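Work out the full structure, taking the sequences as your base and the hints as a guide.
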Amino acid sequence: MQSDRMEREEQMKLNNLKKTLVGLASAAMLVLGGSGSVAAQDDWKPSGAVNFVLHTKPGGGVDVFTRTLAKSLEPLIGQSIVVVNAPGGGGATQMAKVRAAAPDGLTLGVNTVTHFTGMLTNLRGTFSPDDFEWIALAQEDPILFFVAKNSELDSITDLVELARANGGEVNIGGFGPVGSMQNIGMTMLEQQAGVKFNWVAFESTPDIIAAVLGGHVDVGVSNLGPALSFFEADRLKGLGVLGEKRLSTLPDMQTFGEQGYDVDTSWIQVRGVFGPKGMPLDLQKQIAHAIHTAMQADGYQKYARSAGVEDSDYGPVEYADFVQRLTRLAEEQLVAAGLVNN
Amino acid sequence: MFENLAIGFAAFGDPMVWVALVFGAFAGYLIGAIPGLGPSLGVALLIPFTYGMDPVVSIVGLVALYAAAEYGGAITAVLINSPGTAAAVATAWDGYPLTQQGRAGEALSVSIISSGIGIFVSTALLILTAVPLSEFALRFGPGEYFALALVGLSLVAGLSDGSPLKGAVSMGIGLSLATIGLDAQTGVPRFTGGNPEFFEGLPLVPVLLGLYALSEVLFMIEDGPTEKKKSTPVAGIIALPVKTLLGLKTVILRSSVLGYVIGIIPGAGASIASFVSYAFSRRLSKTPERFGKGSLEGVASSEAANNSAVAGALAPLLALGIPGSPTTAVMIGALMVQGIQPGPLLFTRSPEIPYTVFASLWVGVPIMVLIGLAGARIWARVANIPRAAIAAIVAGICFVGAYSSETTMFPVHVMVACGLMGYVLRKLQFPLAPIILAMVLGEMMETNFRRALISAKGDWAIFYTSPLTMLLFTVAVLAFVLPGLAALRARKARAREV
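Listed in order, the protein sequences are those of chains A and B. Mapping of the first sequence onto my numbering: position 239 corresponds to residue 239, and the numbering continues sequentially without gaps. Mapping of the second sequence onto my numbering: position 15 corresponds to residue 15, and the numbering continues sequentially without gaps.
It cannot be assumed that every hint is accurate.
[Unchecked claim] Calculated lysine to aspartate or glutamate pairs in the EDC-like style (CA-CA distance at most 20 Å, straight line):
#1 B:K457 <-> A:E190
#2 A:K71 <-> B:D54
#3 A:K245 <-> A:E152
#4 A:K57 <-> B:E200
#5 A:K302 <-> B:D54
#6 B:K457 <-> A:E161
#7 A:K196 <-> B:D54
#8 A:K237 <-> A:D311
#9 B:K457 <-> A:E169
#10 A:K57 <-> B:E197
#11 A:K237 <-> B:E197
#12 A:K149 <-> B:E200
#13 A:K97 <-> B:E135
[Stated by the list, open to error] Covered stretches of chain B (in silico footprint by chain A; criterion: 3 or more residues with CB under 8 Å from a CB of chain A, positions within the stretch not fixed):
#14 115-123
#15 248-260
#16 399-410
#17 426-438
Just so you know, the hints here were simulated from the structure itself, not pulled from any lab data. In this text the structure is predicted, and so the values were computed from the model without any measurement. Just so you know, even glycine gets a beta-carbon here, dropped at the ideal spot from N, CA and C.
Shown next, in the form of structure tokens:
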């Protein structure tokens, strides 16, 4: 029995070694084909199992992202990855765990835009972006506005005109209360177009889609992933996407900008990796590099394409910049909405 | 359809599918029996293991686990008055009194057989009606959800025995507790004392453990080591005469249909299904006075309903990609990991998935029932453990269960606070059931009430212009008024006799 298990462990180690070698080879090839400035000895070699702490329960978007990433990251770094679900407190439980951890790269967190809006509102004074290192951006996930197939609206322009015609009596259903990521996206459009919409808050994206299909709200907001199959089934119609360029999966839907609404396109949902304050920049770069390399694996690519997200290659320097920009933008919007006193 | 069902059953030619089914059913049975771990956590725990598996094998394992875990909650509800999930609360109302009367084996056997029949019947309904009924469920807007929650509250308003005033107070406590946390519409923290741990509201499982189980422990300590009734050893396979079972057939069938229909409505789920069908069974029973004191009908209606709600919750998931319950929401993640996007095209693109789910629910029923019946023989002996030891074990389960629900100390503190509250309330003879029900329904009521008014720009007409809403309101009013009238009639009848 005992020897059996040892044998299995040996076998697993061997397998891991094999995977590691394959991973290293592919990483090296990528590096050679890429900038060439990062040498192979810069690979991330954690000394033990790596914990990824999440602010959500298992099964959600963040959870699926982390577990899929972990699958291709594990062979690359030669260590196992433990996904720790720490929901609660609007991210506070997770952030407390990450902040208290040693800055050795063995405890990391996954964040979304909610972390930044949270630190400006409910968690203001409890956590701040300066408590953490922002290591790598992995996914960009623009938000889009959509209606049911039989709706009279066809574009953002139609939506704006309808709102102007009947004094803002257009219901837009989206995720989270006033001040949430998607709600801020809507307010930014309001400011650009000079109209008002009526925000109806939901607690899950499937609920938003159900409400749009059932005619209980006029317009829905969501990221592409959960809505994609409804577009493919021809039951939803896109009005516009808040992004730099059109979505590759729905090339017919115009961006807000194309329709003449100049809304800041850095307002996108993100999934990134962060860690406790005080991690050496070199270590952060290694981690970012390993994550971005793991994202090239077939399994991850298959998932990311079906989830409708865009890959990002922002390392610690770019991501920290991006976080600052996003936080500033969020603060402006929250102040304008009267949710935060400056 | 029969062709596709054949594909579904053909999946069982693969021995791995059988392994997944048996493993899922067994794991679910155990996970459900541990308070603090429920079906959604169980499914989530299993997801990482499904990575390397074939999609069909993994979905069979997950569905088996879901169904069995929804049953497993009944075990602790019956034996130690600790419903592991809100859906098993109504099972405890009659299951635990049965255990105290030495009839744990009977209660457990009825619960597993009702669960099995519930799944069998609701799966048949699922195959026939998943698509049309899920489309119909889309008509439920905020107004309808509010009315539905009101139906739930009013049906159960009459459930608590004793003073209606005390029942109302309990319901008020539950509704107040449901307001704790970040306000879903505006994001403003309410009654959190600035502590982020309260942002997401009071976690339900620790509240359940505290109110029911820990308070029971306190009562056990108070009563001391008095002699208690020995559990009758389980004789035969099903521990009760077939005649008894036949007598329950109407209750089980009605509760199965009711559970399925309520389960389809996204957000309603197994707990509302079991509460509502329990209330219906009591109203329609020939012996309503035995409900709450150890009625097999009560156990059967709650368990048939909460398990048929499993098939109900799967309907909108498979037909539209909209999860009908927290557990099916987790399953979306599991399917996505496999590269399958649940949505309106699932039936056309990957028919093997829904039809394998249908087949596995049916094939899984006998396996689940066998595990359950075998388990009932063993569990029934648990009821014979001396009171002091039981008290210690239950207290341990409370702490471990609360901790494991979030792996932090916060739910443990909530559990202890609710345990003390539960003890005091029971001493003062306030019923506990309305608290739990109001907590479950309170959030649904408030969110949808405000969502309705916001989307109607403050126009109250949204509550009386939809025929569906009006229908639900009528049911709610009748449910509230009829028992009152019946009580009045009974009093008059008594007065005449005297």
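Status of the hints after comparison with the structure:
1. Taken as a hint, the K457 of chain B and E190 of chain A pair is honoured in the structure, with Cα atoms around 18 Å apart against an allowance of 20 Å.
2. Pair hint K71 of chain A plus D54 of chain B holds up; C-alpha atoms about 16 Å apart against a cutoff of 20 Å.
3. Annotation: proposed proximity of K245 of chain A to E152 of chain A is violated, straight-line Cα distance about 25 Å (limit 20 Å).
4. Taken as a hint, the K57 of chain A and E200 of chain B pair is honoured in the structure, with Cα atoms around 12 Å apart against an allowance of 20 Å.
5. Under the criterion of a C-alpha separation no larger than 20 Å, the hint pairing K302 of chain A with D54 of chain B is consistent with the structure, at around 16 Å.
6. Restraint check for K457 of chain B and E161 of chain A: the C-alpha separation of about 19 Å stays at or below 20 Å, so the hint holds.
7. Using a Cα cut-off of 20 Å, the hinted pair K196 of chain A and D54 of chain B is violated, with the two alpha carbons roughly 49 Å apart.
8. The straight-line distance between the Cα atoms of K237 of chain A and D311 of chain A is roughly 25 Å, outside the 20 Å bound, and the hint therefore fails.
9. Between K457 of chain B and E169 of chain A, the direct Cα distance comes to roughly 7 Å. Compliance with the 20 Å bound is thereby established for this hinted pair.
10. Simply put, K57 of chain A and E197 of chain B have alpha-carbon atoms about 15 Å apart, close enough for the 20 Å limit, and the pair holds.
11. The hinted pair formed by K237 of chain A and E197 of chain B fails the criterion: a straight-line CA distance of about 39 Å is larger than 20 Å.
12. For the hint pairing K149 of chain A with E200 of chain B, the CA-to-CA distance comes to about 35 Å; that exceeds 20 Å, so the pair is violated.
13. Distance check on the hinted pair: K97 of chain A and E135 of chain B sit about 43 Å apart at the alpha-carbon level, beyond 20 Å; violated.
14. Coverage of the region 115-123 of chain B by chain A is violated [criterion: at least 3 residues with CB-CB distance below 8 Å; count 0].
15. As drawn, the region 248-260 of chain B meets chain A at 0 residues by the rule of a beta-carbon pair under 8 Å; below three, the given contact is violated.
16. For the region 399-410 of chain B, the proposed coverage by chain A is satisfied: 4 residues have a C-beta within less than 8 Å of a C-beta in that chain, meeting the threshold of three.
17. Counting residues of the region 426-438 of chain B whose beta carbon lies closer than 8 Å to any beta carbon of chain A gives 0, which falls short of the minimum of three for the stated coverage.
Checked against the numbered hints listed earlier, the structure breaks hints 3, 7, 8, 11, 12, 13, 14, 15 and 17; every other hint is satisfied.
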